[in-house]
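The task is simple: from the sequences and hints, build the whole structure.
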Amino acid sequence: MNTRKKLAKTLLVLFLCANTSLIFAQDLSKEDSLSNEFNMVKNDVSLLKKIKISGYIQGQFQVADSAGTKSYAGGDFPTGSDKRFAVRRGRVKIAYINTLTQFVTQFDISEKGLSTKDVYLQFTEPLLKAISLKVGVFNRPFGYEIPFSSSLRESPERGRMCQILFPGERDGGASIVFNPPKTSKYNFITLELGMFNGTGIASDFDKQKDIIGRLGISKSTKSEKIKYGMGVSYYKGGWNQGTKTYYEGIEKLSNGVYAFTKHTNLKTGVLATRDYKGVDAQLSFETPLGITTLRGEFIMGIQPGTSSSTASPSTQPTGSASTTINGTATGNVNIPANSGDTTITVTLPVTGTATTTTPNADMYSRKFNDAYIYFVQNIGTTKHQLVLKYDWYDPNTDIAGADIDATGVTSANGKLGSADIKYTTIGIGWIYHWDENVKIMAYYDMVKNENTKITNFKKDVLDNVFTLRIQYKF
Amino acid sequence: MKKKIIIAIVAIATMSFTLPSMIAIKIKGSDTLLPLAQKWAEAYMKLNPGTSISVTGGGSGVGIAALIDGTTDIATASRKIKMDEKLKLQEAGKAYTEKIVAYDALSVIVNPENKVKKLTREQIEGIFTGKITNWKTVGGDDMTIVCYSRESSSGTFEFFKEHVLKGKNYASSCLMMPATGSIIQSVSQTKGAIGYVGMAYVNSKISAVSVSYDKGLTYVAPSLKAAIGKTYPIVRPLYFYYLTKLENMLKPAMDWVVGTEGQKIVTGVGYVPLSAN
Chain A
1071 MNTRKKLAKT
1081 LLVLFLCANT
1091 SLIFAQDLSK
1101 EDSLSNEFNM
1111 VKNDVSLLKK
1121 IKISGYIQGQ
1131 FQVADSAGTK
1141 SYAGGDFPTG
1151 SDKRFAVRRG
1161 RVKIAYINTL
1171 TQFVTQFDIS
1181 EKGLSTKDVY
1191 LQFTEPLLKA
1201 ISLKVGVFNR
1211 PFGYEIPFSS
1221 SLRESPERGR
1231 MCQILFPGER
1241 DGGASIVFNP
1251 PKTSKYNFIT
1261 LELGMFNGTG
1271 IASDFDKQKD
1281 IIGRLGISKS
1291 TKSEKIKYGM
1301 GVSYYKGGWN
1311 QGTKTYYEGI
1321 EKLSNGVYAF
1331 TKHTNLKTGV
1341 LATRDYKGVD
1351 AQLSFETPLG
1361 ITTLRGEFIM
1371 GIQPGTSSST
1381 ASPSTQPTGS
1391 ASTTINGTAT
1401 GNVNIPANSG
1411 DTTITVTLPV
1421 TGTATTTTPN
1431 ADMYSRKFND
1441 AYIYFVQNIG
1451 TTKHQLVLKY
1461 DWYDPNTDIA
1471 GADIDATGVT
1481 SANGKLGSAD
1491 IKYTTIGIGW
1501 IYHWDENVKI
1511 MAYYDMVKNE
1521 NTKITNFKKD
1531 VLDNVFTLRI
1541 QYKF
Chain B
10 MKKKIIIAIV
20 AIATMSFTLP
30 SMIAIKIKGS
40 DTLLPLAQKW
50 AEAYMKLNPG
60 TSISVTGGGS
70 GVGIAALIDG
80 TTDIATASRK
90 IKMDEKLKLQ
100 EAGKAYTEKI
110 VAYDALSVIV
120 NPENKVKKLT
130 REQIEGIFTG
140 KITNWKTVGG
150 DDMTIVCYSR
160 ESSSGTFEFF
170 KEHVLKGKNY
180 ASSCLMMPAT
190 GSIIQSVSQT
200 KGAIGYVGMA
210 YVNSKISAVS
220 VSYDKGLTYV
230 APSLKAAIGK
240 TYPIVRPLYF
250 YYLTKLENML
260 KPAMDWVVGT
270 EGQKIVTGVG
280 YVPLSAN
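Sequences listed follow chains A and B, in order.
Position one of the first sequence corresponds to residue 1071 (my numbering), numbered consecutively onward.
Position one of the second sequence corresponds to residue 10 (my numbering), numbered consecutively onward.
These are calculated hints, taken from the structure and not from any lab test.
There could be a bad hint or two in this list.
Example chain B residues on the side facing chain A (calculated, C-beta under 10 Å, incomplete) [stated by the list, open to error]:
hint, residue
1, I77
2, E100
3, Y105
4, E160
5, T253
Computed list of lysine-lysine pairs in DSBU-like fashion (alpha-carbon distance at most 35 Å, straight line) [to be verified]:
hint, chain 1, residue 1, chain 2, residue 2
6, B, K175, A, K1292
7, B, K214, B, K254
8, A, K1119, B, K35
9, A, K1163, B, K91
10, A, K1292, B, K126
In this text, all values refer to a predicted model and were calculated from it rather than measured experimentally.
Beta carbons are placed, not taken as given, at the ideal position from N, Cα and C, and that holds for glycine.
What follows is the structure, encoded as C-alpha cells:
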C-alpha cells in the first residue's frame, strides 16, 4: 500500500513537472511568436516607409480686366469670358526612395485631363554619396524658379519668362548631380549638368540636344537667423530650322521703319541657337517683424522663335496653312447691288482634290533679357504673409516699343510684331497659412506692355488678373 | 434588486464625472536629452497622475521634423532650430516657442584600455577629419584610430562639427551611428575607438578624455563642476521647442522643468542646470 502511495505521489510530481515545463515552453513559444510577429511588422513598416505619396490641389477663381484676355496667369481666358473657376493644379507624386536610389513619378489631374509631369529615376554612387545620375523627364536644371515647387511659391504662377523659355518646366534627358552629403563641408554646393531634348515633355523633333546646367550654393549663418543662396546657370542648344530663311538683327529701312534683316542659309536644318545665361540669388533673414525673404533671378541670351512667338517650341515651328484645290468649280457668282460694298464673296462647289500644306516657319532670332524679384514678408509669427513681385520679359532688346511698327515692311525683311513687345508685371498678394495642409492666396497681377505702333498694342492692353486660390497639400 | 442596480448606476455616473481628464504629452527628438527627458517625465507623472508623457529619441532633426508634421508636442534638441526648419514651420502656419532647459558638457570618449587620456582640440579635429589615423601620433600605442560619430540628423553631430571641428567635414572613414547608446557600445568594445557623447552618458565602460582649447597649456576633464565653473570648453544649451498654441497646456510642465524640482533632476542625471549659466 505504502509503495503504491509512494508511486502515486511520484507519478503526480512527475506529471506536475511535465505540465510546468509545458507551460514554460508555451510561454517561451508565445514570446518567440510575438517577437517574430513584431519583427515581421517592423520589416513591413520599413518597406512601406520607402514609398512616399504627396500632392496638392489648387482650386481658384480668377477675374480678368477684359473678356478673352491673353494671360500668363494660368492661361488665356476664353473669348467671351473674363471670370473663371478652375483647378489650376492637381498633383500627385509617388516616390520610392531607397538608400541610394529612387524612382519618382508625378501626375497632374484637373478638369483639363490627366498629364504627366515627372517620371525619372535617380541613383547615387555608394563611395562618396555625392554624385547622382538622373534619367527621365524632370525639371530642367536652370535657375531657381523652375524647380521651386508651385505649392510653395508665393505667387500663383512662375514669371512670364519661365513660361515662355521653359514651357512646362520639365524636359526629357539625363543629368549628373553633384551634391555632397550632410557629413561633408561641401554639402552647401549643388552642381547639376545634363543633356536634354529641348522640347519639354513632347518627343524630340530634331537631332539637336541641349546642354543645361546650374551651379548653386545654399548656406545659413551660425546664428540660423540668415539663409542665403546664389547660382549661375547656362543653356546651350537649339533646334534645326525647317526652312533656309531666317531673320536676325534689326535694321532701319528707307521709310524709317525698323525691321528684321533677312538671311538665307544654303540648306535647311541649320541650327537655330538657344543660348541663355542666368544668375539667381536668395536671402531670408529673421527680424522681430518676422522672416523676410528676397529672391531674384536675371536671364539674358538668344532665343529663336517665329514671327509671332518667342516661346520655346515642342514641335517644329510652322507657318500659316494654305489649301490648294485641283479640280473644277461650277456655279453662280452673286455680286451685291449695294455700290458701297467692296467685298465680293464667291462660294462654289468644287469637284477635285483639296490639299492643305502647313509649311515650316522661318526662324526669327532675338536677343532677350528678363528678370524677377520677390519680396515676401511673414507678419511676425502669425499665419499671414505679404508678397510683392516685379518681373519683366523683353523678348527683343534690339528694339524699343515705340519703334515696333510693321508699316511698309515687305517680304525683303521681317516684320516686327507682338512677339517683340516687352512686358512688365507687378504682383501684390496676401497669403494665409490656415494649417500645415491648407493655404489661401489672394493675388493681383498688374501687367503692362510697351506702347507700340502696331494694331491692338498702341497702348496698354487690359490684361490684369486677380486670383483667389485655396490650396490643399498633403 | 432594483435599488442595488440604481445605486450602482449612480455610483458609476458619479465616478465618471469626478475622474480627472488625462493630459497626454508627446516628447520626441534629441538622443542627448533622452535620459533627462525620461527622468523628468517619470517624476512629473508621479506628481501629476492626470498627465501621461511619452518620450522617444531619434535625433534633434527627427524631433523638429515631427514638430513640423504635428506628430509630437515637444521637440527636444541639442542644437538651435535651423532657418530651413523655421521656414517650414512658417509654411505650415505654426508659430513656435524655444526654451533652453539645461546645458550639456560634450565628452570625447575612448576605450578604457587606451592610454591616451588627454587631447587638444586640434588633435581631436585631426582625428575626426582623418588627418591623424594612428594613436601613436597623439602619444598612444601603435594602433589604428577607429572614429565613431552620430548621424547627420543629430544635433550633437552638428554641434561637434561646428564647435570642435570648426566646420570641417568628418573623415569618410568615420562610422556614423544612429544613437548615443551605439557609440558607447562600439567604443567600449573597440580598443582603438574614439567617439563623442553627452556627459550624462559617460559610464565605466568608456573613458572621457580631458580636453585643451589652448593648444595644450591646460587640460580639463568633463565634469559637472567644470561645466558649471565654465572651465570645460565644450558646453552647449539643450532646447525644448513647442507650438505656441500649446502654451496653456504645456505651461505647468514647462514651469516645473525649469523650476527648482526639475533642475535638481538635471544635476542628478549629469547635465548642467540653468542656474549655472
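Hints broken by the structure, by number, lowest first? Hint 7 alone not satisfied by this model.
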